[in-house]
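Going down the list, the sequences are from chains Z and D.
Read in the numbering used here, the first sequence has 230 at position 230, and its numbers run on one by one without any break.
Read in the numbering used here, the second sequence has 123 at position 123, and its numbers run on one by one without any break.
It should be emphasised that the hints constitute simulated quantities derived from the structure, not laboratory data.
Glycine included, each C-beta is placed from N, C-alpha and C at the ideal position.
Possibly wrong hints are sitting among the right ones.
[What the hints assert, rightly or not] Here are some chain D residues pointing at chain Z (derived, C-beta under 7 Å):
id, residue
1, Val75
2, Met108
3, Ala119
4, Gly136
[Claimed, not checked] Not close to chain D: a few residues of chain Z, all C-beta gaps over 12 Å, as computed:
id, residue
5, Met94
6, Pro107
7, Gly256
8, Arg309
9, Gly317
10, Asn379
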Amino acid sequence: MFEKVLIANRGEIALRIHRACREMGIRTVAVHSTADADAMHVRLADEAVCIGPPPSRQSYLNIPAILSAATIAGADAIHPGVGFLSENPVFAGMVEEHGFTFIGPAPEHIRLMGDKVAAKEAARSLGIPVVPGSDDVVTNDAEAMNIADRIGYPVLVKAAAGGGGKGMKVANARNEMAEALAVARAEAKANFNNDAVYLEKYLSHPRHIEIQILADAHGNVVHLGERDCSMQRRHQKLLEEAPSPALNANQRQRIGEIATGAMRRLGYRSAGTVEFLYQDGEFYFIEMNTRLQVEHPVSEMITGIDMVREQIRVATGAPLSFTQDEIVFTGHAIECRVNAENPETFAPSPGRITDYHAPGGLGVRVDSALYAGYRVPPNYDSLIAKLIVHGTTRNECLMRLRRALEEFVIGGVETSIPLHRRLVTAPDFINGAYDIRWLEKFVEPAA
Amino acid sequence: MAKLEVDEALVRKLAQLLTDTGLTEIEFESGDQRIRVNRQSLAAAPAALPSAAAAAAPAAPAEGPPAGAVTSPMVGTAYLSSEPGGTPFVKVGDRVTKGQTILIIEAMKVMNPIPAAAAGTVRDILVADGRPVEYGEVLMVVN
């Protein structure tokens, strides 16, 4: 087992990793920017190393600084968390070259799934259903038009090096293709420094359903069920739930087997999530995230499995602690992402937390690095807390969520809690009848 | 019943014992008389905030780094001379010119010379040879 793990991340996920390490008797090293010197996980970690000034590029994305910190701290392994360098195959490779264990999948699988076109091709060859589209990047507009005619409109132009919902543009008809191509290329260039784009059929009312995978280095692959992450605004998830209200047991089992079979054939290791769009009974692969995800607690609540612990164990070469048959799905879980932003305009709201009171009670979990007096820095994303509730049924879960949201106090900054309070009383949400476009319509200012 | 008399000399002696030994309470019993002397500890109630682990970086002094503080631009290991056991680049009291190398930080096997930002005198050297340093750590004071 590792003696010391370096946490190459910040905020609530860094705290999550610290907690798992601590419970396993592993010492933690928190690397942080100057803006995070007072962060909760930095205070709790066994050691802390300041690696740079606030900008991510000079701190949390600074590979030499992180590797240097791991060297001077004598870490055995590095956990990359979510975002930042977690899906950077160069980083994963360098970690291993420097003699540390990267707590995550093999660099070549990170690289494979990071290229969205290659990922789709890989998925297809592994037997995973994919969204109909161009088989490769489109080299010129004429070719794009032909492919779009073949797929059928509306068509989505997507950045090949993209992710996180960026660099995507819809063309509803042939006469919109030229502009959609131009805009998507420009956005892709700006966000990912790569303007290669590919095409996909645009689905009109899909749900976003993803399968959580866990695998060890011995060929054992399991799934922890699905998560329904259709509550999105501008491709950013706001709320997730498991199981999906849209799937029945047969569909769940079918897609679970497809995903695990594919990962077994791929030889995948560690945690990963295979993401699908689901419409009219059909699943369509869109991408795979080769890392832990923000919403992993939802799957932990319905299975009782500590995913970070399993990641760490798997990284030491240990086999998974359980087989698929031993995984029992119990009840229903919902996670609300609490962001430091105005609940109506979504303008970011960094600042000093004056009051903090987290809800509690049976089936309530809060993953947050906040404390009264903490300053939410303006330099990073706005996620400041995750409220996860579990109930024996979806109804019980909804009641509990409503109750927990009533108790949640975060003073000093604006948060999305008021939006969540509105959400939990919305009839469509209560009925589980929402797709990936629902939330945008819900938050649209009344005309 | 005998009149209760406070043996003032005894109390003072016990109080002095507390101070001398660092104890917080002494109870002395003799016959049917018992005295207890207790010093209120000033330890705070359990902190509302998690206490920083002992090994965590110490909090920076409130007044900020002194004028002329040379702070580390990177994470690595500080070396005060160009080779082990060699003459240090500078010692306290030396005058340095702008751009003169005052120490080296090694990061990932690359030696990075750290220059003096301006001409001045080395007032203080705060890092020991071969010690790990973090970003922003004050290494020397040159003014």
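>> Please verify that the nearest CB of chain D lies beyond 12 Å from methionine 94 of chain Z's CB.
In response: violated (9 Å)
>> Can you verify the interface hint for glycine 136 of chain D: is its Cβ closer than 7 Å to any Cβ in chain Z?
In response: holds (5 Å)
>> Is the claim that glycine 256 of chain Z lies outside the interface with chain D correct, judged by CB distances over 12 Å?
In response: Its Cβ never comes within 12 Å of chain D, the nearest being 39 Å, so this holds.
> asparagine 379 of chain Z: least C-beta distance to chain D exceeds 12 Å?
Replying inline: holds (15 Å)
> Per the stated criterion, does the least C-beta distance between proline 107 of chain Z and chain D lie above 12 Å, as a non-interface residue requires?
Replying inline: Since the minimum Cβ distance to chain D is about 18 Å, proline 107 of chain Z lies beyond 12 Å and the statement holds.
> Would the hint on alanine 119 of chain D stand, with a C-beta cut-off of 7 Å toward chain Z?
Replying inline: Because about 26 Å separates alanine 119 of chain D from the closest Cβ in chain Z, which is outside the 7 Å limit, the hint is violated.
> Should the interface hint for valine 75 of chain D be scored as holding, given a Cβ-Cβ cut-off of 7 Å against chain Z?
Replying inline: Cβ of valine 75 of chain D sits 4 Å from chain Z, so the hint holds.
>> Quick check for students: does the CB of glycine 317 of chain Z sit more than 12 Å from each CB in chain D?
In response: holds (26 Å)
>> methionine 108 of chain D was flagged as interface toward chain Z. Is the shortest Cβ-Cβ separation under 7 Å?
In response: holds (6 Å)
>> The output says arginine 309 of chain Z does not contact chain D. Does that hold with a beta carbon cutoff of 12 Å?
In response: holds (21 Å)
Figure legend: structure checked against the earlier numbered hints; hints not met, in rising order: 3, 5.
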